[in-house]
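*Asks:* Spelled out, the chains give:
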Amino acid sequence: MKFFRIKGGVHPSHHKSTKDATTVVMGLPSKVVIPMVQHLGAPCQPLVKKGDTVKVGQVIGNTDAFVSAPVHASVSGTVTAVEPRIISGSRPILCVEIKPDGLQELDAIEPPVVTSKEDFLKAVRASGLTGLGGAGFPTHVKLNPPKDAKVDTLIINAAECEPYITSDYRECLENTAGIIEGIEHVLKWTGIPKAFIGIEDNKPDAVELLKKATMSKPNIEVVSLPSIYPQGAEKMLIYALTGRQVPPGKLPADAGCIVLNVTSVAFLANYIKTGMPLIKKRITVDGSAVKYPKNVEVLIGTPVGEVFEFCGGLKEEPGKLIMGGPMMGVALYSLELPVLKNTNALLALSEQEGKLPQETACIRCGRCVRACPMNLLPLEIDRLAKASQFDELNKYNIMDCIECGSCVFACPAKRLIVQSIRLGKDALRRASAKKQA
Amino acid sequence: MDKRLSVSSSPHIRSDITTRRLMLDVIIALIPATAAGIYYFGVRAALLIAITTLSCVGWEYVTRKALKRSNTIGDLSAVVTGLILALNLPPQLPVWMAVVGAFFAIVVVKQLFGGIGQNFVNPALAARAMLVVAYGSRMTFWTAPFNSASNMADAVSSATPLGILKEGGILPGLSQMFFGNIGGSLGETSALALIIGGLYLLFRGVITWHIPVIYTGTVALMAWILGPNGFLTGNPLFHVLAGGLLLGAFFMATDYTTSPMTKKGMAIFSVGCGVLTIVFRLYTNMPEGVSFAILLMNVAVPLIDRYTAPKRFGGGARV
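Protein chains in written order, with our numbering: chain V, 1 to 437; chain W, 1 to 319.
Honestly, I wouldn't trust all of these hints.
[Stated by the list, open to error] If you want a taste of the chain V side facing chain W, the calculated C-beta under 8 Å gives, among others:
id : residue
1  : 190
2  : 251
3  : 253
4  : 315
5  : 317
6  : 328
7  : 360
8  : 362
9  : 374
10 : 408
[What the hints assert, rightly or not] Label-pair restraints from in silico Cβ distances:
id : chain 1 : residue 1 : chain 2 : residue 2 : range
11 : W       : 73        : V       : 291       : 40 to 50 Å
12 : V       : 429       : W       : 307       : 29 to 39 Å
13 : W       : 303       : V       : 434       : 55 to 65 Å
14 : V       : 226       : W       : 284       : 26 to 36 Å
[To be verified] Chain V residues, not near chain W, derived (Cβ > 12 Å throughout):
id : residue
15 : 41
16 : 59
17 : 113
18 : 164
19 : 213
20 : 380
Don't read these hints as lab results, they were simulated from the structure. Ideal Cβ placement from N, Cα and C applies to all residues, glycine included.
Work out the full structure, taking the sequences as your base and the hints as a guide.
*Replies:* Structure follows, in structure tokens:
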């Protein structure tokens, strides 16, 4: 079982204390808030208005744009608001708020008829599936790469290299057959000959289960990879499994690969069997401020505060709430914010853990350079971005940064390198947009 | 309660390592060499170490205050500079000269260039070089070990092993050099104490093996090749144990700010330090070359960093 060792990376403590926590289903929340953008791409237009009644699985937002995915109602009930709200980032996003009626009445849900690649891609889009691992890229777009890209490898990302998170791991244990079924659908309809499942070696029982399940399937290979963050970053995983490097600014397809999250493929198998669109998600709820850490199946749109309540509430006033993992997750400003399609964890850190350490002067120790898996010079980018020398930043390939946070983790001076990089990228994007206008 | 939530850019966790902790580890690693210096050179050495270290911290505090910048003595880097400078001084150096050296290290080389992380050469080494130029005879007045403050006036002068090599005389035995019972700078004489400290730094992950091993390896190899009686007749161990090589290789060439950031860069830097050290020792008037070798390579670091920058992932030109 050959693999390529990624360069750099860091070793944060795993904190996977929920690994033995079997998924429990959370009941109906008091309301759901469903944003019209839960993916990278064009926003959906709401198809319902205040006062409408909706059923479970009903499409409540869609668009004609290609790079997008429809959104569905996760509960049956009455639409109580359609209005812009600030979810994450600074721009308001149109959201549909639904008050559940408690009946969970199903919309006309039917398994899709799939007899061709076109049918398959249409079904994937209709399912509302976007990458469940974190980035939230619409899956049907991934599965339909440009004609000139010769894709020969499907990569299933089960690495789950972020600390705390065990939701993909639970998928591997609880739905092994579903994963394999999903992979076979994708291989069949895309014509890709070979699939790898990449998984970190800190999950030996999942590795074993997957290996057993693929024993008689020569076109699916399970590869146990070293546990090093960010092993599960798309470009790193492609490199680790194939030795290919995705060129700067290009997509995995340009390296002949399509990468799908392990829970995403398992969802696809279920969708093709039942026609039930993406309305719920398994989430790891953990962190030192959470009373009973759990893996919870949550309806999309559930306010995060209610998810914490379901886990026994918070032990103390948290210092920080994180949607996603501690390395790349988004810090939340409110308990009212909803669970999204790509949410895989909710963490509540104590006040002490949530404190931002004092930034001190860079001592040029080079730890960030050695930790950067993209071979960048984080200290130089940090310096240039803080000095607003935005023209210089392109020379240091700032746009290559995958924002994995390894540099910040490794930095003894506690520099806010990723923050500077985000500011720098934003400034460059705005400058180039201006140039085009 | 929402008001109390901290909302910041990811990542949300960090390693325990801090600048202060790294500096503290260097201080801990210097304890054996400091103790050996005091053991061999007596109370006078202890006094010199204390004054040098205190004046480095003092100068740091005063300069930051005068420049209206934040107080940085808490990061302990001034303590490290002071200790290293002291270990580089002859035991009988007048105390006021040490204070001048501390001024040059902290005020001129470090703070006037922007403080920690901004100095282009190692502050302690630059100060030593300045003292050698300004007070040459005092900076090369070596005394034999086991002199204490009480008989300071009749300190017995004694050449260093490298000085004997240059001027002639009876060389000390290797075991004497290993334990440190020889003339020389305060903290450079005991190879044993320096190696213990160096191993601690490696164990704690403060430094990697690259610079100390490649630097001393280069010196040993070249000393062997360019021996006194022709090709391959040199004594590599003598050159490794003599002078300030181990102090330099473990504690000064590894200074983060003035050494390269990549392993490849470190290798080039260390070979450069090794070659220059031997060239200075064998082919110039100076008996010792470690400090000037490191200082010269310090200046080359930006260039080395530029040409050893890691190759962009996914291809394309390097920076």
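*Asks:* Just tell me: holds or violated, for the beta carbon distance of residue 73 of chain W and residue 291 of chain V against 40 to 50 Å?
*Replies:* Once the Cβ atoms are compared, 43 Å apart, the range 40 to 50 Å for residue 291 of chain V and residue 73 of chain W holds.
*Asks:* Against chain W, run the beta carbon of residue 190 of chain V and see if the smallest gap drops under 8 Å.
*Replies:* violated (24 Å)
*Asks:* At a threshold of 8 Å, is the proposed contact between residue 315 of chain V and chain W supported by beta-carbon distances?
*Replies:* violated (13 Å)
*Asks:* Once the shortest beta carbon distance from residue 360 of chain V to chain W is found, is it less than 8 Å?
*Replies:* holds (6 Å)
*Asks:* With a cut-off of 8 Å, does the beta carbon of residue 328 of chain V approach a beta carbon of chain W closely enough for the hint to hold?
*Replies:* Residue 328 of chain V check passes; min Cβ-Cβ to chain W is 5 Å, inside 8 Å.
*Asks:* The output says residue 380 of chain V does not contact chain W. Does that hold with a beta carbon cutoff of 12 Å?
*Replies:* violated (8 Å)
*Asks:* The hint names residue 374 of chain V as touching chain W; please verify it with the least Cβ-Cβ distance against 8 Å.
*Replies:* holds (5 Å)
*Asks:* Given a cut of 8 Å on the nearest C-beta pair, is the interface hint for residue 253 of chain V held or broken against chain W?
*Replies:* Violated, about 14 Å.
*Asks:* How does the Cβ-Cβ distance of residue 303 of chain W and residue 434 of chain V compare with 55 to 65 Å: does it lie in that range?
*Replies:* violated (36 Å)
*Asks:* Once the closest CB in chain W is found, is it more than 12 Å from residue 41 of chain V?
*Replies:* About 22 Å separates residue 41 of chain V from the closest Cβ of chain W, which puts it past 12 Å; holds.
*Asks:* Is the hinted range of 29 to 39 Å satisfied by the C-beta distance from residue 429 of chain V to residue 307 of chain W?
*Replies:* holds (31 Å)
*Asks:* Classify the label on residue 59 of chain V as holds or violated, using whether its beta-carbon is more than 12 Å from each beta-carbon of chain W.
*Replies:* Fine: 32 Å to the nearest Cβ keeps residue 59 of chain V off the interface.
In this structure, the hints that do not hold are numbers 1, 2, 3, 4, 13, 14, 18, 20, in rising order.
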